[in-house]
Amino acid sequence: MKMKAVLLNSQGQVLSDLNTNLLFRHNKNNPCSLLTALQSKLLQESTKIIVLKYGFLVISESTKNNCFWMTHNCGLFSCLTTLAWSILELQEAKYRITEINNSLSMSHFKNSQYCNSYNRLYEAIERDSTPLVPKTRLKLSTPYFNHHGNYSEIINNLLGREWIKNMIESYMKPTARIKNKIEFLSQKYELIEKNALFVCYRGTDKYKEVSPAPIEHYFNESDKFFDNHPKGRVIIQTDQEQVRQEFAQRYDRKCCHFEELPATFGTTVMHCAGMPRQHRQEWCEYLIAAVIAASKCTAVVTHTGNVGFHVAMHALIAGKAVTQMDLFSNQAYWQ
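Per the numbering used here, the sequence shown starts with residue 119, numbered consecutively.
What the hints contain is simulated information worked out from the structure, not anything from laboratory work.
Be aware that one or more of the hints could be misleading.
Unchecked claim - Taking lysine to any residue pairs in the SDA-like style, the calculated list, with each CA pair at most 20 Å apart, reads:
no. : residue 1 : residue 2
1   : K291      : R362
2   : K297      : I310
3   : K306      : G350
4   : K414      : H347
5   : K372      : R362
6   : K283      : K182
7   : K349      : E339
8   : K306      : W401
9   : K414      : N298
10  : K182      : N229
11  : K372      : W401
12  : K182      : T216
13  : K291      : E280
14  : K414      : Q399
15  : K291      : F302
16  : K171      : Y289
17  : K349      : R395
18  : K438      : R368
19  : K291      : G350
20  : K291      : G278
21  : K414      : G437
22  : K349      : R368
23  : K171      : Y262
24  : K166      : C192
To be verified - Derived DEER-like restraints, expressed as beta-carbon distance ranges:
no. : residue 1 : residue 2 : range
25  : E311      : E280      : 28 to 38 Å
26  : K182      : E311      : 41 to 51 Å
27  : N284      : D341      : 35 to 45 Å
28  : N183      : N284      : 16 to 26 Å
29  : P348      : Q305      : 19 to 29 Å
30  : F302      : F383      : 26 to 36 Å
Cβ atoms here follow ideal geometry from the backbone N, Cα and C, with glycine treated the same way.
Please take these sequences and the hints and turn them into a complete structure.
As structure tokens, then:
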């Protein structure tokens, strides 16, 4: 059957007729069986495909379904940041998303590499979900915001908290299984009952992207917190086991970490560190739950990076104090 799909960019310019190189270009490891399934299920009817840098929107004229296929395949929150960029680009071009599919993305965070796990993490999109326009009209280019930039400026002024809230409610609303894990972490570690400082320190390979602040800078911010909250506690969330140990040695019983999340002594990023495939979905769910649970703490100290951005995003819209490290030559920036 000859496919009738037309390839467009987000400005509506025709790129070319559909060919199999499209999907291979986005994910070189995409097996032929998945490509065949995509073609037979989605593309054998009158369809438009809007091609973005980090995915493509398949518009079915018969079902009126606009399915966005994510194609970025690095760290979990890197994938979610590029999804936010794509949502912004499609919104600017007045395309609506009615479904999100991560079969070609997040492969390090699924028990079955090429399954679509998105709706295990986030609820299905309601048909009438329409995000608000960002606070500041953004130039049509990718990325729309710098995930290594000033998070207060991005969240409060560039995008605006209302847009962030609406984006989460529409496209990243946690499912019941994620909410259960958020509640579990909140109760187990008494995030609400006790004044808690959530410290997010990104180790392993993060030095390749930013110049990480010395651990002493995180200690300084933690000490300031304890000056104001003598009976408080610090939750250290990090992929670096050495940092866990240094925090535990310094703060003793006033310090703990989420035992549900792994750490390493090495410099290999966790999703490439050889975790058994059967444990990856559970790990992914706890990662998302931990980032959202952080917003229940009294205050947050976070690094600059994709995880740090999402930690700050949830904490700021919850009205919590956020300190961003690694910004402005490793100086702490209060928000």
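Going through the hints against the structure:
A hinted pair counts as satisfied when its Cα atoms are at most 20 Å apart, and K291 with R362 does not qualify at roughly 30 Å. Taken as a hint, the K297 and I310 pair is honoured in the structure, with Cα atoms around 15 Å apart against an allowance of 20 Å. Our distance criterion of 20 Å between C-alpha atoms is met by K306 and G350, whose separation comes to about 15 Å. This hinted pair checks out: K414 and H347 have alpha carbons roughly 16 Å apart, not beyond 20 Å.
Taken as a hint, the K372 and R362 pair is honoured in the structure, with Cα atoms around 13 Å apart against an allowance of 20 Å. At roughly 26 Å between alpha-carbon atoms, K283 and K182 are farther apart than 20 Å, so this suggested pair is violated. With a C-alpha separation of about 16 Å, the suggested pairing of K349 with E339 holds against the 20 Å cut-off. A threshold of 20 Å between alpha carbons decides the hint, and for K306 with W401 the separation of about 17 Å falls inside it, so the pair holds.
For the given pair, K414 sits about 14 Å from N298 by alpha-carbon distance, which is consistent with the 20 Å threshold. Between K182 and N229, the direct Cα distance comes to roughly 31 Å. Violation of the 20 Å bound is thereby established for this hinted pair. This hinted pair does not check out: K372 and W401 have alpha carbons roughly 25 Å apart, beyond 20 Å. Restraint check: the Cα-Cα separation between K182 and T216 comes to about 9 Å, which is no more than 20 Å; the hinted pair holds.
At most 20 Å may separate the alpha-carbon atoms for a hinted pair to count; K291 and E280 meet this at roughly 15 Å. Our distance criterion of 20 Å between C-alpha atoms is broken by K414 and Q399, whose separation comes to about 24 Å. For the given pair, K291 sits about 18 Å from F302 by alpha-carbon distance, which is consistent with the 20 Å threshold. Simply put, K171 and Y289 have alpha-carbon atoms about 19 Å apart, close enough for the 20 Å limit, and the pair holds.
Simply put, K349 and R395 have alpha-carbon atoms about 40 Å apart, too far for the 20 Å limit, and the pair is violated. A hinted pair counts as satisfied when its Cα atoms are at most 20 Å apart, and K438 with R368 does not qualify at roughly 25 Å. Taking the CA atoms of K291 and G350, the gap is near 30 Å; set against the 20 Å cutoff, the hint is violated. For the hint linking K291 to G278, the alpha-carbon distance of about 18 Å falls within 20 Å, and the restraint holds.
Distance hint between K414 and G437 is fulfilled; the C-alpha atoms sit about 10 Å from each other, no more than 20 Å. Straight-line distance between C-alpha atoms of K349 and R368 comes to about 15 Å, which keeps the hinted pair within the 20 Å bound. Under the criterion of a C-alpha separation no larger than 20 Å, the hint pairing K171 with Y262 is consistent with the structure, at around 12 Å. The hinted pair formed by K166 and C192 fails the criterion: a straight-line CA distance of about 27 Å is larger than 20 Å.
Range check, E311 to E280: Cβ separation about 30 Å, and the 28 to 38 Å hint holds. Checked against the hint of 41 to 51 Å, the pair K182 and E311 passes, with Cβ atoms roughly 48 Å apart. Roughly 37 Å separates the CB atoms of N284 and D341, a value that falls within the hinted 35 to 45 Å. Between N183 and N284 the beta carbon distance is about 21 Å. The supplied range of 16 to 26 Å therefore holds.
One distance hint, 19 to 29 Å for the beta-carbon pair P348 and Q305, holds here, with the actual separation near 23 Å. For F302 paired with F383, a C-beta distance near 27 Å keeps the hint of 26 to 36 Å intact.
Figure legend: structure checked against the earlier numbered hints; hints not met, in rising order: 1, 6, 10, 11, 14, 17, 18, 19, 24.
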